[in-house]
Amino acid sequence: MSAILDRTDLEKVGAAFTTERMLAVRDMTRETIHEIALAVKPGMVEEDAVEMARGMLAARKMLRGWHDVYVRFGSNTIKTFGAPSEPGVVLGENDIFLIDIGPVFEQWEGDGGDTFVVGQAPEFTRCGDDARTLFHLVRRKWLADKTSGTALYKFAVDEAAKLGWALNMDLSGHRISDFPHAAVYDGPMADVGFCPSPLLWVLEIHIRHPDKPYGAFFEDMLLEDRYFA
Amino acid sequence: MPRTLAARIVRIDTPGPGVRRLILRTGEPFAYRPGQYLSLRHGAGPGRSFSMATAPRKDGLIELHIRRHPGGYISETVLDSAAAGDPVTISGPYGDMSWRGATGPVAMLATGTGIAPIKAMLEQALIDRSTTQITLYWGARTRAELYLFDELSQWHWRYPGFRFAPVLSAPGAGWGGAVGHCQALAAEELEFRQVAQAYACGNPAMVDGARRVFAAYGLPACAFQADAFEPATNLIDPADAAFTVVTIAIDGSRIQARTGETVLSAIRAAGLPILSVCGGRQSCGTCLVHLHHEATALLPAPTARERDLLACLPEAKAHSRLACQIRVSPGLDGLQLRLGAVSAALRSPTPLSTPQLQGESA
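Protein chains in written order, with our numbering: chain A, 136 to 364; chain B, 26 to 387.
Source of the hints: derived by calculation from the structure; they are not laboratory data. Predicted model, so just to flag it, every value in this text is computed and none were measured. Built from N, CA and C at the ideal position, the CB exists for glycine as well. Errors might be hidden in some of the hints.
In the DSS-like style, the derived pairs of lysine-lysine whose C-alpha atoms are separated by at most 30 Å in a straight line are [to be verified]:
1. Lys342(B) with Lys196(A)
2. Lys347(A) with Lys176(A)
3. Lys289(A) with Lys214(A)
4. Lys83(B) with Lys147(A)
5. Lys289(A) with Lys83(B)
6. Lys281(A) with Lys83(B)
7. Lys276(A) with Lys83(B)
8. Lys281(A) with Lys297(A)
Which bits of chain A does chain B cover? Going by a derived footprint, with three or more residues having C-beta under 8 Å, they are [stated by the list, open to error]:
9. 170-181
10. 252-265
11. 290-302
Here are the simulated distance ranges between beta carbons [claimed, not checked]:
12. Thr157(B) with Thr154(A): 41 to 49 Å
13. Leu151(B) with Asp346(A): 28 to 36 Å
14. Arg267(A) with Pro245(B): 21 to 29 Å
15. Arg330(B) with Pro177(A): 25 to 33 Å
16. Pro245(B) with Ala159(A): 41 to 49 Å
17. Asp346(A) with Gln219(B): 14 to 22 Å
18. Gln281(B) with Gly254(A): 50 to 58 Å
One chain only, chain B, in its complex shape (with noise of 0.2 Å):
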């Protein structure tokens, strides 16, 4: 389940041209599937998704790889001035694409940093001694962005179920691996090789690429899994150019918030504790917050399913709102509010106990 967690940049380097790798420690586990993402915020500015570039690592770090796009929020101008042990905020995990074990031969599709999530699920392959045949083809211009080429060759000779297929549209003199694009390479060796699960990761062309030629082999629908880099994507989209910043003060702390997103995703940026069980889904009442009397006239008014839940809460007074309904508005600046119970319990938290459970027998 999606969840909201403080970390650090432990380090960040370059493995390859345009690409960084961000490594990240939580202060909490961060419990995620191989193939899934996160979204990483730094301060304020907006989130962007980047997915998990290993399987869960024993020592909970969380590495990334982040490719640099001219003008990306968090791909230049934060990481061009970032350094370790700057604080960073990551929700997630997110995306459906995880590895599920194998029921057969399994073909990987990547280009570019699309190979993160990729390289996850296959160390996870690895780590659960997997002895299914799997294919990976990585797709790049040029033989410098195979920026892991190194590490997953020697996993092609080492493993024997594993084969490493690169694949390059504009090599250098001297090359003397596959040409072309990966997706056609594998429909390519499809008439030899059988496949029963097929993943792709990367631009949206090569993923719509792919998930046609394993149709057309008869690949189950539910047999492909995918995750298209459109939603992961660094580039400053409009809304987040469009914004400006409000000063909300929360019990007494003065914190930034930009326009259109809502007080609770603010208050999260923001590294105050603030619980949201449900997701902002109205479900649960953990963000609750209470408003002074005057700024309530600021907002419009709760919803009919806002006010029913609400009701429902016995904390709640008339000035009460649910802060993942309180969208951020020029009008709100200065606003004011104090954290409900459950979230203010959470920096003075109640002891937590072991159970007597009765009739214990498991």
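Just chain A, with the same shape it has in the complex (with noise of 0.2 Å):
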């Protein structure tokens, strides 16, 4: 498909489009989701939960949002992207959630993921660890060289498996921008055959122990490393 999928045609962005105005709401996107995070406590159902982000996200006027709000616990931390949780799913006192907003504010697109553990779970501590870890490997290879976006994730998947976990690629990348990206390509990233271009993309990993109900998520934009001290 690469040969089709054009990088002028896809990197576009419309009238609305800032390096300024992108970078701030990505950094309102993470602040939030570590303000859910904090609000997170064991024992909480996930539909409260995922009601309490959306609260949040209004009360900064970011409910509007490109995706829905997920906010998943425990075993539902394995379902891909738009897939519906298993309900009524409390919380433990040693237990993984992870959080995947993709908010709008004003008209900028912000999104971004990441998993956090409660008590002492080290097996699901390292899940999440290594999520990051990921993130930041397959960062560097396209920051190092110049990576195209399948070539990324044909990486990704091999050391995710190196880390002992398999790699979902139904979340595996996509464009931002202004709102809407969709306007202008909503395919994945995976599937573009050029280099993608900073502040335009965001890197999903979302990884899931081969056999256990467990996985970890984490996702931001491509950027080079002095946006992440």
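Using the hints, put the two standalone chains together into the complex.
Below, the structure written as structure tokens:
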């Protein structure tokens, strides 16, 4: 498909796009993820956590999102993008949960995700840490080798396997822009045969244990090292 | 991410008894992974799901294999009268089953037109020059039903890592191949043929049987991918049979909508431009529509969630709603509405530009 996915077309932006606004909304998105995570407590039902997250986004004038708000607990962390969670899952004392939000602030899209662990759960902690590790490993590969989207995700699959995880290719990166990016390109970054430009794409890493029902997610904008200090 | 696209029929032919091959061309690229499926609609009719039968092609054409079912809306009613050039609407891609590279020997099992997504994944493996051993078990009652028999037999001899194992349950005289069911043959061969990944597509009994066979063999559940044809059925379901059609005016254009579907899906089925970035989850607000004020009383009140989102949309007024949340009912016959600004802009899009990126290093 890469032959027909032309960089010039796929990396276009709308009239509202500015570097400053995109980075500002990225910061707001990441702050909100951590604010939601701090408010999630053991004993909470997943559906209540989602409603709470929606309230926090509304308070920041970011309730509008280009995708739904996901807070997934325990075994629901292996659900792929868009798949409904098993209902009524309660966060345990030693448990894992992930957050994935794609808020729109005024005319600019944010998108981010992260994984958190409550209590003492070394397996879960390693999973969450490895999702972040893989994100930066893949990002640095992009930075160092100017790797294509397709090659980046082949690399990600291999590196995930080395760490003992399966990578979910349903979540394989996408465009981000002034709203809505879908008007330019709503396909996966893993389908593009060119090196994605910074600021215009997000890199998604969703891993799961090969046999056990848990996984972890990390997602952020594809940017250089200085933005991850 | 799933999207809805207009397409046209390029060709329809009959590769085997009771099977039609439909070739489609879309106006825009339709990205998918081999193994996934799409939903095909014709006019205001119901959507039906079919798997893509090839790896993504350089010419962008989409190939579907459609088994004829008596009374099937697409497989009989539509395709009996369809011709090259006819417009259709596709949405997708959908489905978790896809070729993701091989970590060891692979078994693929198919019955009937379940061969379509299996063939797409097999093509991708061959395009990727995969060196792994792949065995394809394709089951049918008779040799004639194995409508890709010649092509797959050629691949068997051309590609060193690929083995084609056809299986017939009711063979005629002269058949020298395996007899029985493909999952049973795969089970027999597991004694001497290692498998690291398995894929199954076709009738649910075969898929269930294959799942049990590979679980007993010790294959991890995540290494078994399947697409039972229940969600891809061509048969008319009772809900489809019960619908009635009402007329809705969108910015002055009159369209037909089926009761039970959403206004969003009716607008899309009519080929009018409307965005729904979040896929009908009350998140993005791009499917905003403005009703004639008298029409608001015809609709159930918005849920708290829809109301919260409408409150965030600067363009939303007292009579605005989300098209994804309006369910068509007989009382909405004659409904008039205007598309919101985001969707209306699709008719005269704002020019896009190439960004000037600061600190670009990649």
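Hints, one by one, checked against the model:
1. Lys342(B) with Lys196(A): Given that 30 Å is the threshold and the Cα spacing comes to 18 Å, the pair holds.
2. Lys347(A) with Lys176(A): The hint holds at about 23 Å.
3. Lys289(A) with Lys214(A): holds, 21 Å
4. Lys83(B) with Lys147(A): holds, 23 Å
5. Lys289(A) with Lys83(B): The hint holds at about 20 Å.
6. Lys281(A) with Lys83(B): Judged against 30 Å, a Cα distance of about 24 Å means the pair holds.
7. Lys276(A) with Lys83(B): With a Cα-Cα distance of about 28 Å, the restraint between Lys276(A) and Lys83(B) holds, given a limit of 30 Å.
8. Lys281(A) with Lys297(A): Given pair Lys281(A), Lys297(A) holds - Cα atoms ~22 Å apart, limit 30 Å.
9. 170-181: violated (count 0)
10. 252-265: With 0 residues close enough to chain B, the hint is violated.
11. 290-302: holds (count 3)
12. Thr157(B) with Thr154(A): 41 to 49 Å: Between Thr157(B) and Thr154(A), where Cβ atoms are some 44 Å apart, the hint holds.
13. Leu151(B) with Asp346(A): 28 to 36 Å: holds, 30 Å
14. Arg267(A) with Pro245(B): 21 to 29 Å: Between Arg267(A) and Pro245(B), where Cβ atoms are some 25 Å apart, the hint holds.
15. Arg330(B) with Pro177(A): 25 to 33 Å: Given about 26 Å between the Cβ atoms, the range holds.
16. Pro245(B) with Ala159(A): 41 to 49 Å: holds, 44 Å
17. Asp346(A) with Gln219(B): 14 to 22 Å: holds, 19 Å
18. Gln281(B) with Gly254(A): 50 to 58 Å: At roughly 56 Å between Cβ atoms, Gly254(A) and Gln281(B) fall inside 50 to 58 Å, so the hint holds.
When each numbered hint is compared with the structure, violations occur for hints 9 and 10.
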